[in-house]
Amino acid sequence: AKLTGIGGVLFRSRHPKGLSDWYRDQLGIEPDDDGVVQTWWREAKALIAGHTVWALFSADTEYFGPTSNQFMVNYRVDDLDEMLQELEAASVEIVPKRENSEFGRFAWIVDPEGNRIELWEPPERQ
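Residue numbers for the sequence shown follow the working numbering, so the first one is 1 and each next one is one higher.
Because the hints were derived from the structure by calculation, they are not lab data. Please read these numbers as outputs of a predicted model, since none were measured by experiment. Misleading hints may appear alongside valid ones.
Restraint ranges, calculated between C-beta atoms of paired labels, are given here [claimed, not checked]:
{"id": "1", "residue 1": "Val92", "residue 2": "Glu30", "range": "17 to 25 Å"}
{"id": "2", "residue 1": "Ala59", "residue 2": "Ile94", "range": "23 to 31 Å"}
{"id": "3", "residue 1": "Glu30", "residue 2": "Ala90", "range": "34 to 42 Å"}
{"id": "4", "residue 1": "Gly18", "residue 2": "Val92", "range": "17 to 25 Å"}
{"id": "5", "residue 1": "Glu88", "residue 2": "Asp32", "range": "30 to 38 Å"}
The beta-carbon is built from N, C-alpha and C at its ideal position, and this holds for glycine as well.
Using the sequences and the accompanying hints, generate a full structural model.
This is how it looks when you write it as structure tokens:
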């Protein structure tokens with residue numbers, strides 16, 4: 001199993017709209033109406049064209065886990081089950097939660113400093 005790219009950079013903000021405006025004005029990051037920036041890509045086995053997301057979340061979100069971490073990186077993987085087996089064998093902390101949706105399969109791990117990392121396997125072509 002291997003990483004195939006960054007699926008997204010997600011982080012907390014006390015004032016998502018204001019911070020989104022700052023990133024737009026200072027760095028040219030132009031979000032859509034939902035406050036998300038999407039850069040599209042296509043992998044050979046992907047069912048749909050995917051995207052890399054840049055998104056702000058409310059400061060009180062629990063999506064990043066019960067930590068004070070300000071951000072979480074989403075990594076695309078080519079085989080989520082194999083990746084999780086390899087990480088488990090390496091004694092990496094794996095969050096028990098899993099999510100399956102039309103966007104693919106998701107799992108979470110935690111690095112040695114307590115940062116939650118999201119792993120994402122996009123849906124495959126049939």
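* Between glutamate 30 and alanine 90, does the C-beta distance stay in 34 to 42 Å? -> Check passed, 39 Å falls within 34 to 42 Å.
* Please test the hint of 30 to 38 Å on the beta carbon pair from glutamate 88 and aspartate 32. => Given about 37 Å between the Cβ atoms, the range holds.
* Range hint 17 to 25 Å: satisfied by the CB atoms of valine 92 and glutamate 30? -> 36 Å, violated
* Range hint 23 to 31 Å: satisfied by the CB atoms of alanine 59 and isoleucine 94? -> 26 Å, holds
* Verdict for glycine 18, valine 92 (Cβ pair) under range 17 to 25 Å -> Between glycine 18 and valine 92, where Cβ atoms are some 36 Å apart, the hint is violated.
Hint compliance for this structure: hints 1, 4 are not met, and every other hint is.
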